Amino acid sequence: MTDEFRARVRAWCAEHIPADWRQSQTGVSEAEFAAFQKDWFQQLRGAGFAVPHWPAEWGGGMSVDQQVILYQELAAHDAPRLVLQFVSIHHAAATLLAAGTEEQRQRHLPAILDGEIWVQGFSEPEAGSDLASLRTTARRDGDHFVVNGQKLWASGGLHADWCLLLARTEPDAPKRKGISYFLMDMRSPGVDVRPIRNAIGESHFCEIFLVDVMIPEANLVGPENAGWQVAQETLGTERGMTMLELAERLGNAGFGWLVQECERAGAMNSRVRDRLAQFEIEITGLRGLCRSMVSGEANGPADASIVKLFYSELLQRMTDFGAEIAGPDAHTVLTKPMSSGWESGAWMLDFIGSWEWTIPGGASEIQRTIIAERGLGLPREPA
Amino acid sequence: MSELQEFHDELRSVARELLATEPDWVQIVSAGWPGMEIAEQLDGAGASFAETAILLEEVGRAASRQPLFGIALAVGALPDTDPRLARIAAGARAAVAWGFTITDGKVSGRDEFALVAADAETVLLLTEDAVVIAPVVVTEQTVLDESRSLGIVVADGAPVTQSWPLPAGLRQRAEVAIACDSLGIAEAMLAQTVDYLKIRHQFGRAIGSFQAVKHACADMQVKISVARQLVSSAVAAIAAGRDAIAEAHMAKSYATEMAVEVAGKAMQLHGGIGYTWECDVHVYLKRAALNRALYGSPASHRESLARRFTA
Chain A
1168 MTDEFRARVR AWCAEHIPAD WRQSQTGVSE AEFAAFQKDW FQQLRGAGFA VPHWPAEWGG
1228 GMSVDQQVIL YQELAAHDAP RLVLQFVSIH HAAATLLAAG TEEQRQRHLP AILDGEIWVQ
1288 GFSEPEAGSD LASLRTTARR DGDHFVVNGQ KLWASGGLHA DWCLLLARTE PDAPKRKGIS
1348 YFLMDMRSPG VDVRPIRNAI GESHFCEIFL VDVMIPEANL VGPENAGWQV AQETLGTERG
1408 MTMLELAERL GNAGFGWLVQ ECERAGAMNS RVRDRLAQFE IEITGLRGLC RSMVSGEANG
1468 PADASIVKLF YSELLQRMTD FGAEIAGPDA HTVLTKPMSS GWESGAWMLD FIGSWEWTIP
1528 GGASEIQRTI IAERGLGLPR EPA
Chain B
-10 MSELQEFHDE LRSVARELLA TEPDWVQIVS AGWPGMEIAE QLDGAGASFA ETAILLEEVG
50 RAASRQPLFG IALAVGALPD TDPRLARIAA GARAAVAWGF TITDGKVSGR DEFALVAADA
110 ETVLLLTEDA VVIAPVVVTE QTVLDESRSL GIVVADGAPV TQSWPLPAGL RQRAEVAIAC
170 DSLGIAEAML AQTVDYLKIR HQFGRAIGSF QAVKHACADM QVKISVARQL VSSAVAAIAA
230 GRDAIAEAHM AKSYATEMAV EVAGKAMQLH GGIGYTWECD VHVYLKRAAL NRALYGSPAS
290 HRESLARRFT A
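Here the protein sequences come in this chain order: A and B.
Residue numbers for the first sequence follow the working numbering, so the first one is 1168 and each next one is one higher.
Residue numbers for the second sequence follow the working numbering, so the first one is -10 and each next one is one higher.
Warning: the hint list may mix true and false statements.
To be clear about the criterion: a stretch of chain B counts as covered by chain A if any three or more of its residues have a C-beta under 8 Å from a C-beta of chain A, and this derived list gives those stretches [claimed, not checked]:
#: 1; segment: 101 to 107
#: 2; segment: 178 to 192
#: 3; segment: 218 to 231
#: 4; segment: 239 to 252
#: 5; segment: 292 to 298
No lab work stands behind these hints, which were simulated from the structure alone.
Fair warning: this is a prediction, and the values are worked out from it, not measured in the lab.
Backbone N, C-alpha and C fix where the C-beta goes; we use that ideal spot for every residue, glycine too.
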């Protein structure tokens, strides 16, 4: 059964993965990148591989074992990553499935399959790790909300059709109690998106300026002023799904390239072998953690934080080691292929890019505090 | 939750309660632990290494002297229908010793760190490819870890009474059994540390509310979670009779190294009291460090793993 599925994925990969995508996607424009991503997504969709983690009724329904095989084979065949749709198929879908209305699901889940792109509008200039202190306001006006404020670090904002938005609807309530969760149409008047160049020179992060943006109340997710709870619940469930693919990629592509790099550089001494073996052990542990989280065996209050913390720091240590082994040559690789993800083999860029995992989505320091307080029950810091 | 999972949880909790009473060997035998993997017709429970692994982990968690490790290895080394298994199920203690050779029907060798051997009625000698029964001299090996018993097992041209082929995977069984013990040690140390951090106050607050302390505990938890995955995967491979060579290297190297770090951090976070003889953290730290040293260092296991990287 699983062998049959693996054979099917292999055959599909051999036929559909463009052989030259790494070359052809290096140095391309944002528009070309987006077109490539959308096309690749539709190819995956045609095979039933685009949203395997969704419920069957919405076009997914693949078992955890099959998902693992799918991700292993996509990695082993060096398939392009889904970067542009990341928030759409994970965060947006998880939110709609967990807290959306039937109308909202009907409106957006099929649209996501057709290529609708989502962005996350959570962080703000004054609300990073302390997300609940966000200041963007949504003032009720009849059957609409009027939104004003500024969002930051919205990944993929330039291409987005819709935004998952957190805004303050009750300014006088305690900070976690006055936030609501909205679906915002990015084509609404008053939405202005500006790219921010990141540390590796790419510009997929954006600032989003919101001036008197009208959101119909039908686009509220969950009850008014319960947005913080909605976000907390969906962030956890979404984490396992995204991590399953990332862990298989790290094990089946990233680690393989690291071994190759060590051989290419003639660096296979005993110290290097020891480091490689340690990485292999840690990746194996990570893959186990991700599988048990997705299958529901692990459902502790801090499991999502454990996985995020361990993955991001492992990625950082591995890409750091890749950069060390590759030596000065790694510094001459000035761009990496779009769609190549977090371990592209451009070791210096991958290493610098790894902070995109240790900082966003709750920085490592925040994750450690969550593990200690929610997981182990240690007392909170006195206010 | 699956039926098997429920059974495992039940076994774990019963084992934990029993070990907390510091039971004697008779109580352990009547709980059926030595016969866990022994066939029912030989008075065992007919269970698998998965259940033995739970007991081994709990023995580590309690830093107990109970000779489960020796029995788990002896049971793995004996043929499934050997009548000695019935005696083990009834409470005869057994152990194995490694590194012996046979020349002209006589066995020689010396294992200076044979776990449980000093307490065992039967010590099975292991060569590269055989299990041997022969008269041996066993003396106690004194080590810093007082929570366990080790023997120096010596045979010097002893006549072989009986021998049979070494079962495949016995080495991996030993490595993973040690990893289980270390996992139990680490869990005990984290739990004990967290409890202490909630009651110990300095600067007018529980020290567990300080971020530096909290983050150290989070790191302990992450390493334990990773180790648990590696150990579970190795245990499952052995229980299913699969080749577990790579899994055992991973579990032994990561779990035993991790447990030393966790126990060391536990001593640090307990502060001055943690460095006293009265506090049991030193017992766990010594036991964890001995586990790391026995059955191959973490570096040697990684070296074995790394042989697969080069064609």
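Results for each hint:
Against chain A, the segment 101 to 107 of chain B contributes 0 residues with a C-beta closer than 8 Å to a partner C-beta. That does not satisfy the three-residue criterion, and the hint is violated. With 4 residues having a Cβ less than 8 Å from any Cβ of chain A, the segment 178 to 192 of chain B passes the three-residue criterion, so the hint holds. Under a criterion of three residues with beta carbons nearer than 8 Å to beta carbons of chain A, the stated coverage of the segment 218 to 231 of chain B is upheld, 4 such residues being counted. Only residues whose beta carbon comes within less than 8 Å of a beta carbon in chain A count, and the segment 239 to 252 of chain B has 3; three or more means the coverage holds.
Figure legend: the segment 292 to 298 of chain B, annotated as covered by chain A; annotation consistent (4 residues with Cβ-Cβ distances under 8 Å, at least 3 required).
Hint check: a violation occurs at hint 1 only; the rest are consistent with the structure.
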